Each structure stands twice: as C-alpha cells, then as structure tokens.
Amino acid sequence: MALYRKYTSKTTIFSLVVLIGLVFLLQISLPEIQDIEINSKIHINSTWAQRCNKFLFLSYDKKIDLPYLDLKLPDTRKQIWNKLRKTLKWAYENELNNYDFFLRADDDTYYVMENLRFMLLPYNPNKPYYFGARFKILPYDFYMSGGAGIILSREALKQIAESLDNSTICQPASEVRYHDDLHLGECVANLGITSVDTRDNLVRL
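Read in my numbering, the sequence shown has 12 at position 12, and its numbers run on one by one without any break.
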C-alpha cells in the first residue's frame with residue numbers, strides 16, 4: 001500500500017519495497033440500503049481496490065462474487081466492535097508478516113492509492129503508527145474517525161491484537177459497543193501508539 005525507503009548503501013538512491021494494504025470494508029447490512037451496498041461493493045472492486053495489494057470485504061452478499069472474509073458474525077450495527085476485534089486478530093494471525101500497512105475502510109469511501117502510498121512513504125511499518133482523520137471535538141480528540149478510514153502499521157496491528165483480550169487496554173467484546181473507531185482509539189491511546197493526522201495544510205483528507 002506504500003513505498004517504503006530502504007537504503008542499502010549510500011550510493012543507492014533507494015530500493016522500493018511494495019508495502020501491502022489489506023483493505024477491510026466494514027458494512028452495516030440494513031434492508032433499506034442493501035442495493036446501495038451491493039453497488040458500492042461492485043464499484044470499489046472495479047476501481048481503487050484493484051490498486052491495493054490485497055482486499056477483503058467483511059460483509060457477504062450472495063448476489064455478487066467478491067473476496068470475502070467470513071468472521072461468522074451477523075452484519076448488524078451491534079456487531080461492529082466485535083467484527084473489528086475479530087478482523088484485527090485474523091490479520092495478526094494470518095497476514096502480519098505478509099503486509100506492512102493495514103487499512104480499515106467503509107464502503108462509501110474512495111481512496112487514491114497513489115496518494116496514499118506517497119503519504120506513507122516516510123513511515124517505517126515496523127514502528128507503531130495509527131493514521132487517519134483525528135476528531136477535533138473534546139473529549140473525543142484522541143481517536144481517528146472511522147468514516148475516513150484508519151490505517152495501522154504492522155507494529156501497531158501487532159501491539160493492538162496482542163492487547164485485545166486485556167480489558168485494561170481495550171474494550172471487551174460486546175453487542176452494546178457501536179463505535180469501533182472510538183474503541184480502537186482507546187486501545188491506541190492506552191498503548192501509546194503514535195497517532196498521525198493525515199489531513200494536509202488545507203485540511204483535506
């Protein structure tokens with residue numbers, strides 16, 4: 001998902017190591033927006049997702065054949081935090097050493113992957129980073145808005161996944177916790193992971 005500068009000598013400009021973006025599309029499957037969701041998935045699959053190294057949808061629809069990760073949870077708002085917890089654990093157990101940055105995205109977002117790669121260029125995936133659009137309203141200014149997407153470096157994913165079952169660091173699984181971005185931000189804050197607001201000087205994402 002990014003190009004990370006890896007210097008091999010002072011005479012080498014740099015060798016480009018392609019860093020992988022595992023794109024998780026968290027969706028709420030409500031009957032009244034089902035057709036919109038299907039269209040969103042189709043368009044994501046045919047546009048920016050093709051420029052990711054790997055992507056998976058987290059909600060299943062039998063009408064379309066797309067890469068899907070079965071977390072064995074209902075597609076309801078009540079399961080959003082549980083779904084993100086299981087997603088992070090799955091990525092940690094299965095993909096940690098295969099990918100460098102991990103993007104959690106909604107189905108109504110569009111990413112210019114070339115810009116995203118350029119933004120991530122200076123960051124080492126083996127250090128803990130948490131990227132996104134930070135809330136500016138107190139007391140919620142410590143976490144990134146899920147609507148804009150959240151990126152974790154490999155090391156950040158590792159630290160979070162290894163702490164998910166520690167209730168003093170991360171919120172436990174629950175069907176009353178609807179705000180996955182907030183609870184992820186709590187984990188990040190408790191672990192002391194470096195937060196990076198990705199908006200530019202014109203406050204653009």
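To be clear, the hints were calculated from the coordinates, so they are not data collected in a lab.
It should be emphasised that the depicted structure is a prediction, and the values quoted were computed from it without experimental measurement.
Warning: the hint list may mix true and false statements.
Cβ pair distances, simulated, as ranges [claimed, not checked]:
#, residue 1, residue 2, range
1, Pro172, Ile42, 14 to 24 Å
2, Asp65, Phe142, 23 to 33 Å
3, Asn94, Ile42, 21 to 31 Å
4, Ala189, Pro67, 10 to 20 Å
5, Tyr110, Asn201, 31 to 41 Å
6, Tyr178, Lys136, 15 to 25 Å
7, Ser163, Asn94, 10 to 20 Å
8, Pro172, Asn39, 15 to 25 Å
9, Tyr68, Thr47, 17 to 27 Å
Distance condition first, Cα-Cα at most 25 Å in a straight line; then the derived DMTMM-like pairs of lysine to aspartate or glutamate [unchecked claim]:
#, residue 1, residue 2
10, Lys72, Asp107
11, Lys86, Asp200
12, Lys54, Glu114
13, Lys127, Asp200
Idealized CB from N, CA, C, for every residue including glycine.
Hints, one by one, checked against the model:
no.: 1; hint: Pro172 / Ile42: 14 to 24 Å; result: 36 Å, violated
no.: 2; hint: Asp65 / Phe142: 23 to 33 Å; result: 40 Å, violated
no.: 3; hint: Asn94 / Ile42: 21 to 31 Å; result: 26 Å, holds
no.: 4; hint: Ala189 / Pro67: 10 to 20 Å; result: 32 Å, violated
no.: 5; hint: Tyr110 / Asn201: 31 to 41 Å; result: 22 Å, violated
no.: 6; hint: Tyr178 / Lys136: 15 to 25 Å; result: 21 Å, holds
no.: 7; hint: Ser163 / Asn94: 10 to 20 Å; result: 18 Å, holds
no.: 8; hint: Pro172 / Asn39: 15 to 25 Å; result: 35 Å, violated
no.: 9; hint: Tyr68 / Thr47: 17 to 27 Å; result: 18 Å, holds
no.: 10; hint: Lys72 / Asp107; result: 19 Å, holds
no.: 11; hint: Lys86 / Asp200; result: 32 Å, violated
no.: 12; hint: Lys54 / Glu114; result: 15 Å, holds
no.: 13; hint: Lys127 / Asp200; result: 22 Å, holds
Taken one by one, the earlier hints fail for this structure at numbers 1, 2, 4, 5, 8 and 11, listed in ascending order.
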